[in-house]
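For the protein sequence lines, the chains are A and B, in the order given.
Take 7 as the starting number for the first sequence in my numbering and just add one per residue.
Take 338 as the starting number for the second sequence in my numbering and just add one per residue.
Hints may contain errors.
Claimed, not checked - A few chain A positions that, by computed beta-carbon distances, are all more than 10 Å from chain B:
#1 Arg9
#2 Ala278
#3 Val315
Unchecked claim - So the derived label-pair ranges between C-beta atoms look like this:
#4 Asp528(B) to Ala10(A): 53 to 63 Å
#5 Val38(A) to Gly426(B): 54 to 64 Å
#6 Val20(A) to Lys447(B): 50 to 60 Å
#7 Ala27(A) to Gly475(B): 22 to 32 Å
Said to hold, decoys possible - Taking beta-carbon pairs under 7 Å as the criterion, some of the chain B residues facing chain A (in silico):
#8 Pro442
#9 Pro449
#10 Val464
#11 Val468
#12 Leu530
#13 Ile532
#14 Val606
#15 Phe610
#16 Ala626
I should point out that these hints are in silico values taken from the structure, not numbers from a laboratory.
Note that the structure is predicted; figures quoted are calculated from it, not measured.
Backbone N, C-alpha and C define an ideal beta-carbon position, used for all residues, glycine too.
Okay, here's what each chain looks like letter by letter:
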Amino acid sequence: MDRAEKRSIYRLAVFLVLVFAAPFVIGLLSGVVFFDRQWLADLTNVMINGLTQGGVYAMYGVGLTLIFGVMRIINVAHGEIVMLGAYLTWSVFNAPDFFGLGFHFDPLISLAVTLPVAFLIGMTIQKVLLNAVVGAPELTPLLITFGVGIAMINVVTWIFTTDFHTVPYYPDSLRITDTIYVGKNRLISFVTALAISLSVFAFLKFNRLGKAIRATAQNAQVAMVCGINVRRIYVITFGLAAALAAAGGALVSIQFGFNPETGVQYTVTAFAIILLGGRGNYVGAMIGAVMLALLENLVSFLVPNGAAVVEIAAYGMMIAVLLIRPHGLMGMKEVS
Amino acid sequence: MTQREHLRNFAFMGILLAVLLALPQNIGVYYRSFLMFTMMWAVLALSWNIISGYTGYTSFGHVVFYGVGSYASAILVTDFGWSWLATLGVSALVGLLLAMLVGYPVLRLKGPYFAIAMLGAAEGTRVIVNVWDGLTHGGLGINLPNKENSLETYYAMLALMMLTLGVSYWVAHSRFGIRLNAIREDEVAADALGINPLAYKMAALGLSAVFPAMAGAIQANKTLYVNPSSEFFLQITITMMLMAMFGGKGTVVGPILGAIVLYLVQEIVWVRFPFFHLIMFGIFLILVARFMPRGVVGLLIDKGWIRKGMVH
């Protein structure tokens with residue numbers, strides 16, 4: 007590790023400390039912060055919420071980082087796939103009711119439908135549009151995925167209108183003590199996200215196909231020489247990433263409202279996460295996700311009018327990290 | 338390029354100006370505003386082209402300059418009682434300031450990272466405008482004082498378009514523009530040749546921010562209503578990108594051609610299918626990026642139907 011590398015790590019560390027201290031400072035100055043028992047309990051709740059939300063964010067980030075790692079493509083349509091996953095979950099949730107059967111599908115069971123559909127969509131996008139432009143000037147795939155995203159937003163708007171939708175699912179809270187509690191839907195989605203992330207991690211680590219994906223990410227040419235069908239790996243990778251994004255969408259749908267235009271926000275969130283964690287770094291993406299979610303929750307709790315400015319936290323963090331340490335928290339310096 | 342070709346191009350611009358000057362008296366308000374919006378899109382596409390076509394830094398958030406320009410004008414007209422023509426200068430200044438503020442950090446990024454950082458900057462600015470009630474009236478938007486000014490806005494937009502066209506033409510033919518092209522082709526080599534990339538990129542971003550800001554200001558005074566989600570609409574960025582890329586980025590004629598063709602098609606055909614036409618925009622973007630990266634103009638040059646000198 008050379009000196010410049012070390013310096014950039016120190017700078018990033020200082021930056022992160024400052025960023026996480028900033029909401030507290032603003033809160034102190036504007037009188038939101040007072041250290042009594044109730045406030046501390048509220049702070050704990052906010053931290054728990056941040057942690058659980060981080061699990062969902064990890065679902066966005068991991069898919070994007072996977073695509074980037076294997077194909078060096080930045081998928082601008084990623085947030086739109088998340089949004090599509092949320093709508094798919096909503097559709098499956100309401101489908102029996104729509105046909106007059108009078109019950110709803112459990113959103114977690116509906117993952118059995120959502121994930122394969124998203125996997126197929128992702129595979130199709132890669133096969134039809136992107137396989138031809140892997141390794142082309144990096145702007146071409148960027149513009150193509152941008153176009154895919156726009157088309158998706160408007161297809162969804164066409165079908166579902168721009169109204170906000172939600173999937174009501176265990177809206178009550180689990181009380182840990184009198185004042186500390188956590189929403190059941192948040193807890194469920196956190197556990198699900200953790201399970202999915204770990205199984206994908208295990209898949210990449212131990213499965214033959216997963217190993218092939220990692221080999222392609224390390225060096226596509228050598229992987230090809232070793233007899234790996236690289237095009238097929240690309241298609242599978244994109245499908246896997248799309249399925250992860252759609253899983254993220256399903257978990258979003260049981261916690262938050264969503265409409266077609268929230269997709270852009272998810273893209274930027276996912277991008278901020280992978281920049282923080284290091285492009286192509288799987289574990290870094292998870293850590294980055296939790297950090298970003300924690301920061302957002304702290305901002306909305308401690309800063310007056312914070313719920314409205316929370317989006318700026320992600321954008322600000324993204325731009326700042328790009329400037330301080332372009333290869334992220336755990337990423338390696340890129341060979342260009 | 339020879340003197341004769343310059344003269345020919347100036348003659349074309351003169352004819353364009355004369356026709357557009359004479360037209361509005363003889364046509365109805367609808368066609369007048371149709372022409373005005375066509376010119377507005379030409380301004381937006383041409384200015385996007387300066388940073389993204391000549392300099393090669395694709396911006397996904399160019400709407401931010403348009404948005405702050407229209408907001409600056411709307412606030413000054415409504416809350417401070419300025420005459421709308423006087424606000425154009427302030428809008429341009431605000432656009433320029435924002436370009437410097439955003440550009441200084443963000444222009445150090447390359448390729449996709451610049452594009453997405455600009456997207457983030459645009460979305461972040463929208464959020465700020467939404468939240469800052471005291472200055473911007475928040476999410477409700479601003480209603481400008483009601484008046485009929487389709488003729489004045491038409492002439493203002495015409496002047497702005499000719500200015501943008503002139504500046505684009507100058508960029509395409511000056512040392513400044515050639516240096517921007519050098520940065521696009523190889524930034525390290527340009528740096529080694531003694532071009533200060535950051536300064537040139539800042540200048541290019543500043544130039545490409547001023548005109549959208551003024552276009553936004555004129556537009557706000559034409560439509561007489563602004564709100565954060567309509568002025569910072571992602572679709573506007575996409576439309577101007579698509580127009581410039583469809584026509585041919587890095588040329589002077591391309592963005593104008595793209596603006597005319599796409600706005601015409603949008604107005605005539607697609608406006609009847611509101612979502613369908615935006616879906617088509619997405620698909621169009623894919624097709625243009627995949628099969629026609631240099632646009633119609635580039636395609637025609639490759640076919641040998643026109644010469645390169647004719648479009649610059």
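| request: Over 10 Å to the closest beta carbon of chain B is the bar; see if Val315(A) clears it. | output: Val315(A) is in fact no farther than 10 Å from some Cβ atom of chain B, at 6 Å.
| field | Restraint satisfaction for Phe610(B) [CB to CB of chain A, less than 7 Å] | value | violated, 9 Å
| message | Interface hint check: Val464(B), Cβ to nearest Cβ on chain A, cutoff 7 Å. Holds or violated? | response | holds, 5 Å
| Would the stated hint for Val606(B) survive a check requiring a Cβ distance to chain A of less than 7 Å? | violated, 16 Å
| Once the closest CB in chain B is found, is it more than 10 Å from Ala278(A)? | Given a closest Cβ separation of 8 Å, the condition is violated.
| Outcome for the supplied range 53 to 63 Å, where the beta carbon pair is Asp528(B) and Ala10(A) | violated, 19 Å
| message | The hint says 50 to 60 Å between Val20(A) and Lys447(B); measuring C-beta to C-beta, is that right? | response | For Lys447(B) against Val20(A), whose Cβ atoms are near 25 Å apart, the range 50 to 60 Å is violated.
| query | Regarding the hint that Ile532(B) lies at the interface with chain A, is the smallest CB-CB distance below 7 Å? | reply | Cβ of Ile532(B) sits 20 Å from chain A, so the hint is violated.
| Is 22 to 32 Å a correct range for the gap between the Cβ atoms of Ala27(A) and Gly475(B)? | Holds - the Cβ-Cβ distance for Ala27(A) and Gly475(B), about 29 Å, lies within 22 to 32 Å.
| query | Holds or violated: is there a CB of chain A closer than 7 Å to the CB of Pro442(B)? | reply | holds, 5 Å
| task | So, Val468(B) near chain A? Judge it on the closest CB pair being under 7 Å. | result | Since the shortest Cβ distance to chain A is 5 Å, the answer is holds.
| Restraint satisfaction for Pro449(B) [CB to CB of chain A, less than 7 Å] | Holds - the Cβ of Pro449(B) comes within 7 Å of chain A, reaching about 5 Å at its closest.
Violation of the numbered hints given earlier is confined to hints 2, 3, 4, 5, 6, 12, 13, 14 and 15; the remaining hints are satisfied by the structure.
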